[in-house]
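Q: Given chain A, work out where chains B, C, D, E, F, G and H should sit, using these hints.
Residue numbers (numbering that gives the first Met the number 0), protein chains in the order written: chain A, 0 to 221; chain B, 0 to 221; chain C, 0 to 221; chain D, 0 to 221; chain E, 0 to 221; chain F, 0 to 221; chain G, 0 to 221; chain H, 0 to 221.
Hints were generated in silico from the structure; no laboratory data involved.
Being a predicted model, the structure only gives us computed values, none of them experimental.
A few of these clues could be false.
As the list claims (entries may be wrong) - Keeping only pairs whose Cα atoms sit at most 30 angstroms apart, straight-line, the calculated DSSO-like set for lysine-lysine is:
1. B/Lys41 / E/Lys140
2. G/Lys41 / H/Lys140
3. C/Lys37 / G/Lys140
4. C/Lys82 / C/Lys56
5. C/Lys56 / D/Lys37
6. G/Lys63 / G/Lys41
7. D/Lys56 / H/Lys37
Number of protein chains: 8
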Amino acid sequence: MSSFDELGFAKIDTHRTERCGAPEAVFCEGKTIEQVAKIIQKMNEGSRNILGTRATKEMFEAVKKEVPAAEYHDLARLIIVRKEDLRADPDRYILVMTAGTSDIPVAEEAAVTAELMGHRVERIFDVGVAGIHRLFAQQEKINAANVLVVAAGMEGALASVVGGLVSKPVIALPTSIGYGASFGGIAALLGMLNSCAAGVSVVNIDNGFGAGRLAGMINSMR
Amino acid sequence: MSSFDELGFAKIDTHRTERCGAPEAVFCEGKTIEQVAKIIQKMNEGSRNILGTRATKEMFEAVKKEVPAAEYHDLARLIIVRKEDLRADPDRYILVMTAGTSDIPVAEEAAVTAELMGHRVERIFDVGVAGIHRLFAQQEKINAANVLVVAAGMEGALASVVGGLVSKPVIALPTSIGYGASFGGIAALLGMLNSCAAGVSVVNIDNGFGAGRLAGMINSMR
Amino acid sequence: MSSFDELGFAKIDTHRTERCGAPEAVFCEGKTIEQVAKIIQKMNEGSRNILGTRATKEMFEAVKKEVPAAEYHDLARLIIVRKEDLRADPDRYILVMTAGTSDIPVAEEAAVTAELMGHRVERIFDVGVAGIHRLFAQQEKINAANVLVVAAGMEGALASVVGGLVSKPVIALPTSIGYGASFGGIAALLGMLNSCAAGVSVVNIDNGFGAGRLAGMINSMR
Amino acid sequence: MSSFDELGFAKIDTHRTERCGAPEAVFCEGKTIEQVAKIIQKMNEGSRNILGTRATKEMFEAVKKEVPAAEYHDLARLIIVRKEDLRADPDRYILVMTAGTSDIPVAEEAAVTAELMGHRVERIFDVGVAGIHRLFAQQEKINAANVLVVAAGMEGALASVVGGLVSKPVIALPTSIGYGASFGGIAALLGMLNSCAAGVSVVNIDNGFGAGRLAGMINSMR
Amino acid sequence: MSSFDELGFAKIDTHRTERCGAPEAVFCEGKTIEQVAKIIQKMNEGSRNILGTRATKEMFEAVKKEVPAAEYHDLARLIIVRKEDLRADPDRYILVMTAGTSDIPVAEEAAVTAELMGHRVERIFDVGVAGIHRLFAQQEKINAANVLVVAAGMEGALASVVGGLVSKPVIALPTSIGYGASFGGIAALLGMLNSCAAGVSVVNIDNGFGAGRLAGMINSMR
Amino acid sequence: MSSFDELGFAKIDTHRTERCGAPEAVFCEGKTIEQVAKIIQKMNEGSRNILGTRATKEMFEAVKKEVPAAEYHDLARLIIVRKEDLRADPDRYILVMTAGTSDIPVAEEAAVTAELMGHRVERIFDVGVAGIHRLFAQQEKINAANVLVVAAGMEGALASVVGGLVSKPVIALPTSIGYGASFGGIAALLGMLNSCAAGVSVVNIDNGFGAGRLAGMINSMR
Amino acid sequence: MSSFDELGFAKIDTHRTERCGAPEAVFCEGKTIEQVAKIIQKMNEGSRNILGTRATKEMFEAVKKEVPAAEYHDLARLIIVRKEDLRADPDRYILVMTAGTSDIPVAEEAAVTAELMGHRVERIFDVGVAGIHRLFAQQEKINAANVLVVAAGMEGALASVVGGLVSKPVIALPTSIGYGASFGGIAALLGMLNSCAAGVSVVNIDNGFGAGRLAGMINSMR
Amino acid sequence: MSSFDELGFAKIDTHRTERCGAPEAVFCEGKTIEQVAKIIQKMNEGSRNILGTRATKEMFEAVKKEVPAAEYHDLARLIIVRKEDLRADPDRYILVMTAGTSDIPVAEEAAVTAELMGHRVERIFDVGVAGIHRLFAQQEKINAANVLVVAAGMEGALASVVGGLVSKPVIALPTSIGYGASFGGIAALLGMLNSCAAGVSVVNIDNGFGAGRLAGMINSMR
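Bound conformation, chain A alone (with noise of 0.2 angstroms):
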């Protein structure tokens, strides 16, 4: 039996979600409206929790159509299809941080993606090294965590500091928040790739999906 269904132009890689207890999850940015609809669709006939990322509201309308249960989180960009009920252990928590407020999409990507996963989520948003003492106000919270996601643009320099703080992964998550010489990214990504911070590592720029999945497979580790 063939671990992925054939849809022609898409191949639905049945056989990883099995593997990771991960949401079956469908990339929609450059496909068109009719081809996500149709991947969730077919994605649908399964038992997994489904996740569209970078998806916009007219795919999600058009999703809606074939799948009612279908639910969109705006800000997140991201269509989702609830259909198990996963639970981690909630002493355990991923703890997603923001420097900026401008950088809470993506990290709403990350943290709905841990939830999906039945992964308690914690938040602390607008923390950037620039107003260090707001840092500080929450290092019980930091000190705590089992796993952080760092999100971060302009000079990314969050995820070092965290890193510095905590002996637990922090996974830096670069975003394209910032003007000039940010580079749409690239400052933040550099900045994070040269962190001295044990513990530390990186992520695609705007990869909120990516850091959430891999936050998710490590705080499943025991």
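A: Then chains B, C, D, E, F, G and H, alone, in the frame of chain A:
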């Protein structure tokens, strides 16, 4: 007698197409609608197939008025005027592959170009390396191909993997699909240029026409 | 009492190492031989393992005079002082892989770092994607790993392929191996950042220490 | 039976070379002298031709002790062990061209690679586009070629011009020759990728081996 | 007496134009419609020709209200106010060439600028190097030119080829025409900077005005 | 008592503004209209001046409803709420200069910021180095300034020239004005970073607020 | 009377140093040993302090022969000739900080420059953000500084953190310390340019002299 | 009769030099000593002046054995064989300027090239814009020049300033002098390309020969 037709703003290279057995081609992007229409109208006085690449629907409609036989391939953004019925050896086929669904438009530009040159083209879409069992399910079709075009954005790794599987030329076709550190196709382009697999060469980002044209040229060799 | 020792030119961060169970580490490159020797001599007053990264043989020899127990790992350019005998659960191993032979030094930096933290490390070298059957011959060992470090230069595609095969965290470690358009590891770095596989995150080019340190940190989670 | 030989630090891909009729090849740069010697010694147990690319004289001397039949091509930095006498059809030749004298070493790497595969190779050197009458003096030889390799640094324009002259595949081989804004071959690489000529594809900067290998592969098609 | 007129937001450089015999010029992009109108109105108090570059139609219409003699060159996006009838030696002409049809707008900006300075300008369009016989069909006209402006996007190789054919100054004018790895004109710019042909110098991407202005300046020398 | 106000999506840094005597500032770009309105409404509960940078007219209108005293500076895209009447020493003025008319919006962002801090600001616009006599006509005003902000796009050379004329700090403010190889302000930024003139430092491209804020800070020193 | 001394290959700018109270400075890199010696010999005829930056030991020895009072600061690569004993207000000190030990040479170039101008300089080394408690242990000394120079390589985040702590000007001094994606200081430079902290401006990578010179200039303001 | 001499590895372009009245030139970098010697020996059979650029002392010594009349210009790294005594109109001079002392070698390459073509060359060195009064002290000499070559590294602003002062062609010659964000001449190159001054065009970084050759070509026009 001159080997090109002079339109003032364009010199139609009748000479080259005579040599290659390929369609007369015009790169439409950056030209005015009027220029495109006049160029294709002029080309239509000859007996070759005609291909307008990166053409908008508006350009097509202007062409259609002058050349009623013109067709438009929406996904691949191609204007096509079929004037010859070319038939290459059907036992030798060109295989056009994509890593994702979003790479299909560029892949189709390659496939349709080669088909217009008379070649048999097979397609395998959405077999990116992150779910490599989808690729191996197609191994027979891959092994039997005579020339391969591999379209991929993001990390572009599919070209290397395919290049390692076959002993036929692989034309790596980077696409601008991706976000963040894909930098509009640069990541895929660099990945393909650095491929260690023998027989891989690379064309410009999103240059489906060039890939299809070269695939047809190689597939004609004997 | 201060959580670091002050040497004037360096502040040894005794605080951090207490928290993490990791070796005290010093990045040797760019420091003078005398500075390296004094820092490691100072660290040697404590009870932790010590790791000097990117160390030259000359640095090691100066250290050796002050700290006779120091060892040198030539390939990985590491100075090691073993003071603790840490033993993590041997059933959970970290798998360190390389795409090519030339990536081994950076991979060894990761492997030795994790071993010094007490982890069992397995190695699979020279399984680049251009000859992917070499990779699949190792699939059992890959599937059974708890955390994976994948070192690759050139196109860096191995991380994506491995990330698609497993449902454990993959730490992608780009190396500066390559020439021409590899741009000292940029091509591999970009390829890894653009990976579609779930669970892949990236560290700096040639940062074997960081990869090994993070692998150990994740492998300790329960 | 395994399709590769395991040396621990390297897995020799006997499988691939069986498929392609090409030499067994080892990329020597970044490997230790001992590794190169052991790899070639192992390869020498088989019956294929062997090619070590980007090899230093010191590497060659270490190889020579183990494999007395080894030769060294100084200009192209190739170690060669001839074990088969392959002969392709001499009526179909590969033409290797350079824009300047300084591009010859890279071009020779391509030419010798193709010759070792049994192909007839013709050479035209120092015909850069800034003195284009030198190119046209060779037009007969250019037109009669079956596949062309065009090596050029600086602006790399020769590939476009040649691509426009012929209706055979042109493998554009950018070299790192140049200074200032040539950026180690980037200018030539970009020029070649942007070529409007049909049938042009590009390999990595200074990748003479890859160009020669692909040229041989295409020249064998029928 | 001051050599410039003060408008607060702009200082019109009456001094410079007196020296050069060139039109008074204003770079319109990035200025408000009101600013453009006021600057040209102020310039109109003098006796020089006026040229507004990178001007929108809206800017022109606002200018036209204040300066009824103003004309608009749509393709080249120029606002022109003719106040002098300058006539340079018609035996010495400036030749403006393009590689493609899409380069014509930038080339026209150069040509019209030089014509406004009184120079005779000849044009040859669409003679890119991928079909080099189209270029050679014009060799007589090329050889007889006194100064040449060569506009090209994509690989920009035309400037090198023309520079090798003539012994007159060639002003290479890179355009932003292209896609993918043309990077908005960078590929053409780098190609032109690396030209080995004597007598080639380069202006900014799409800087037709600068090229035309310099061509006029050189063509006036005696 | 906390030194910041918590809005969930933002933490208003009341602490910092207390220390510096500067306005409370909010970077509006990338925030929703609602977020901007709520942040400024919250800030308005304090007694400091408020500055919203990179604000759209829509944002202003939403703010205006909640904070009727709010003003909008169209050119500089600033929302301003004046709550204090600060007056610095009028004998020491900050001089804000631009190379061109198009640089004025960014320069005004700097000037208005400094004025809101109570400083006297003088302006000299459109004195780019290509017409350097315009600059020297202002030498008296330049020499008498206490701190200078120099906004320039394109080649950004004005900062170097001014830095060589004065012995006061020059804050170089690159703007994104230009086209082609100005690369959105990179050329100006690099030019300014490479200035040999003493006393020149650089802020981010288009960061008028930062330049004005720093100018005010330095101008307050005694 | 001329304001500079003419040496043919150099024009010593006696004019500028008269204005600023700063040392006469010569950038030694790229000059011949003879040129450096002659320039400093000529400067020695005046009464100002002299500073040769980026000087090799060989340059110093040649200078020493002509100017016996010359000293050499090995770490900072400075040639110093002390001719004035300048004393600025000791209550106002400049604080020079580094993120790591390897940043000390560049930081010393800044510190010594400012000291030669008569300023009191305090130093805090090795307080990178990945171990931020080391930084906060110094907060008193940081808060009391009048101007700050923050030297950092890798991610360069220290400048942002310090900028958020103080309300005095922070001169961010990126260093080329790092590896991989630090790109010779680019990551640090971009991080610093994107700092959200008020009062931060940036000088060129490794430009310790410029940072020290500007710090002295600001510290002299009253 | 052929217009070039064939050496196998090089084709000496006797045709081009006949047309231009310029020296026969050979770019020596990247060629072997033997190749350089043979090329110049072959050129010496003709009657033209010969120029070897970017030549090492070792190359010169090998040439000297075959061509005793050869001279070596150490600073500009030129091999010169004087065979003609060309004399252009001495009233029209080419002015070669540098921003700094370190730019002199590249400037001399330009100056010597033009002198060998028979032109009178004047020199003004070390007049960078950070001390602009040094430049204005030379204004008479600048105004009287017929063509100008402006060599500058770092920010490269001198070309813009000079271009604004004169109404003659200015050939901007970026040099690789600088450090940090000068990126080997890129900052200067970009600055020059973005110059707003009329009449400025740019050659490759460090391309003194090209600048001198073009200056001579323009200076010969009448």
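Q: Is the straight-line distance between the alpha-carbon of G/Lys41 and that of H/Lys140 30 angstroms or less?
A: Roughly 25 angstroms between the alpha carbons, so the hint for G/Lys41 and H/Lys140 holds.
Q: Would you mind confirming whether the straight-line C-alpha gap from C/Lys37 to G/Lys140 stays at or under 30 angstroms?
A: 26 angstroms, holds
Q: Verify the proposed pairing of D/Lys56 with H/Lys37, using a straight-line Cα cut of 30 angstroms.
A: 26 angstroms, holds
Q: Holds or violated: C/Lys82 with C/Lys56, Cα cutoff 30 angstroms?
A: Holds, at about 21 angstroms.
Q: Decide if the proposed pair is consistent with the structure: C/Lys56 and D/Lys37, CA atoms, cutoff 30 angstroms inclusive.
A: 25 angstroms, holds
Q: Is it true that the CA of G/Lys63 sits at most 30 angstroms from the CA of G/Lys41?
A: Measuring from Cα to Cα gives roughly 13 angstroms; hence the hint holds.
Q: B/Lys41 and E/Lys140: Cα distance at most 30 angstroms?
A: Status holds; Cα separation ~25 angstroms.
Checked against the numbered hints given earlier, this structure breaks none of them.
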